[in-house]
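**Student:** Sequence lines, in order, name chains E and W. Read in order, the letters of the first sequence are residues 1246 to 1436 in my numbering. Read in order, the letters of the second sequence are residues 1246 to 1436 in my numbering.
Take the hints with a grain of salt, since some may be wrong.
Treat identical chains as interchangeable: a pair holds within one or across any two.
Stated by the list, open to error - Taking lysine-lysine pairs in the PhoX-like style, the calculated list, with each CA pair at most 25 Å apart, reads:
1) K1410 <-> K1343
2) K1267 <-> K1343
3) K1314 <-> K1376
4) K1376 <-> K1267
5) K1264 <-> K1407
6) K1376 <-> K1410
7) K1376 <-> K1264
8) K1376 <-> K1343
9) K1264 <-> K1343
10) K1407 <-> K1314
11) K1264 <-> K1410
12) K1314 <-> K1264
Note that these hints are calculated values from the structure, not bench results. Just so you know, these numbers come straight off a predicted model, no measurement behind them.
Number of protein chains: 2
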Amino acid sequence: MEEALNFYLALIHYPVYNKEGKVVVSSITNLDIHDLSRLVKTYHGRALYMVTPLGAQRAMIERICAHWKSGFGASYNPNRGEALELVRVVPSLDTLEKEVRGETGLEPLLVATSAREWEGRFIGYRALGGKILDGDRPVVILLGTGWGLAEEVIRGCHYLLKPIKGMGRYNHLSVRCAAAIVLDRLFFREE
Amino acid sequence: MEEALNFYLALIHYPVYNKEGKVVVSSITNLDIHDLSRLVKTYHGRALYMVTPLGAQRAMIERICAHWKSGFGASYNPNRGEALELVRVVPSLDTLEKEVRGETGLEPLLVATSAREWEGRFIGYRALGGKILDGDRPVVILLGTGWGLAEEVIRGCHYLLKPIKGMGRYNHLSVRCAAAIVLDRLFFREE
């Protein structure tokens, strides 16, 4: 099998904001696991990290993946299992960084995404795609669930991608749609 | 309110393929309604059409929308209701075309999407985005659920968008992710 590109997608369930702006642990959404693993597989990333401190939620993700990788689902729909091979479940961003360091021998570059404007070290989509294709350093793209990544996570990242703006004033994409747009913007060039 | 762009997104539940390649009616997925209405709202389209011949499924969509537009959900999360205002439920593509014709006084341009290669009149993403911004003729972008739009629908469209290719050989995106990538490709230009 050809080698994957040197990037990881991470779906963060803590610390994220709820709609009152409080830092909370959000719950797993079943469809996120499927949609995002298929997305990472399509854009040839190394892994989808599901990050949650709740043990019961981590166990649930493992159970769902097992169903499609080796249970009834594996024969019913092998495409799903193939994508779910990329799912890794960890309790924290620290564990994620340790794993990527262990796997690649290099310090990962953390890139935050946000629907809000922040002051910070912005990186363009093409520029980040270029860094990934260069392959010098593993890139981890962080997506927040709920009402987005907590400020402490964003401040701890090396770079921040510009918010996705549509064509009007409304700007409330699901994390599944936002993730798809981010990965496509990194790599797609129309001839 | 500023006027919407002259395009519609249509999620087709019949006729589509199932995984054995048979033409079937697919079931509604609750999250499609939310994700795709928020997507159309973000890219400032006129409406999201949910197309299914099954009356009970159409009634279910109307019930879900009512919950978020005027039920408990409207106060709990007004952003959802705002997006769901764009949802229209119709039994067939014919009804959809009739509605768009009635609303705009013009013959809509039908554009198919497919994960497979077909012979046909392809149109580029930028070119289609340009047509929409020109606003001469309403554009309807058709997305298939299940294993994709039936050939008869694709053949009946004026244009076909090229399949979304990622960076590897795997190419199984969810309809939510595929829709997001399509709309972003129409309009996004990185400075």
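**Student:** Since the copies are identical, ignore which copy is meant and state whether K1264 and K1343 lie within 25 Å (CA to CA) inside a copy, between copies, both or neither.
**Tutor:** Neither: 31 Å inside a copy, 40 Å across copies.
**Student:** First find the shortest C-alpha distance between K1264 and K1407 inside one copy, then the shortest across copies, and answer within, between, both or neither for a cut-off of 25 Å.
**Tutor:** Within one copy only: 21 Å inside a chain, 38 Å across chains, cut-off 25 Å.
**Student:** At most 25 Å between C-alpha atoms: does K1314 with K1376 qualify within a copy, between copies, both, or neither?
**Tutor:** neither (32 Å within a copy, 44 Å between copies)
**Student:** Given a CA cutoff of 25 Å, do K1410 and K1343 count as a within-copy pair, a between-copy pair, both, or neither?
**Tutor:** Neither. Shortest intra-copy (33 Å) and inter-copy (32 Å) distances fail the 25 Å Cα cut-off.
**Student:** At most 25 Å between CA atoms: does that hold for K1314 and K1264 within a copy, between copies, both, or neither?
**Tutor:** between (35 Å within a copy, 18 Å between copies)
**Student:** Classify it for me, K1376 with K1267: is the Cα-Cα distance of at most 25 Å met within a copy, between copies, both or neither?
**Tutor:** neither (34 Å within a copy, 43 Å between copies)
**Student:** Treating 25 Å as the Cα threshold, decide for K1376 and K1410: within, between, both or neither.
**Tutor:** This pair counts as both: shortest intra-copy Cα distance 23 Å, inter-copy 20 Å.
**Student:** When Cα atoms must be at most 25 Å apart, do K1376 and K1264 count as within-copy, between-copy, both, or neither?
**Tutor:** neither (34 Å within a copy, 38 Å between copies)
**Student:** If the cut is 25 Å between Cα atoms, do K1407 and K1314 qualify within a copy, between copies, both or neither?
**Tutor:** Neither: 35 Å inside a copy, 31 Å across copies.
**Student:** When no copy is specified for K1376 and K1343, does a C-alpha distance of 25 Å or less occur within a copy, between copies, both, or neither?
**Tutor:** within (21 Å within a copy, 49 Å between copies)
**Student:** At 25 Å max between alpha carbons, let me know whether K1267 reaches K1343 within a copy, between copies, both or neither.
**Tutor:** neither (28 Å within a copy, 47 Å between copies)
**Student:** One pair to classify: K1264 and K1410, alpha carbons no more than 25 Å apart. Within, between, both, or neither?
**Tutor:** Within one copy only: 20 Å inside a chain, 35 Å across chains, cut-off 25 Å.
The earlier numbered hints that this structure contradicts are 1, 2, 3, 4, 7, 9 and 10.
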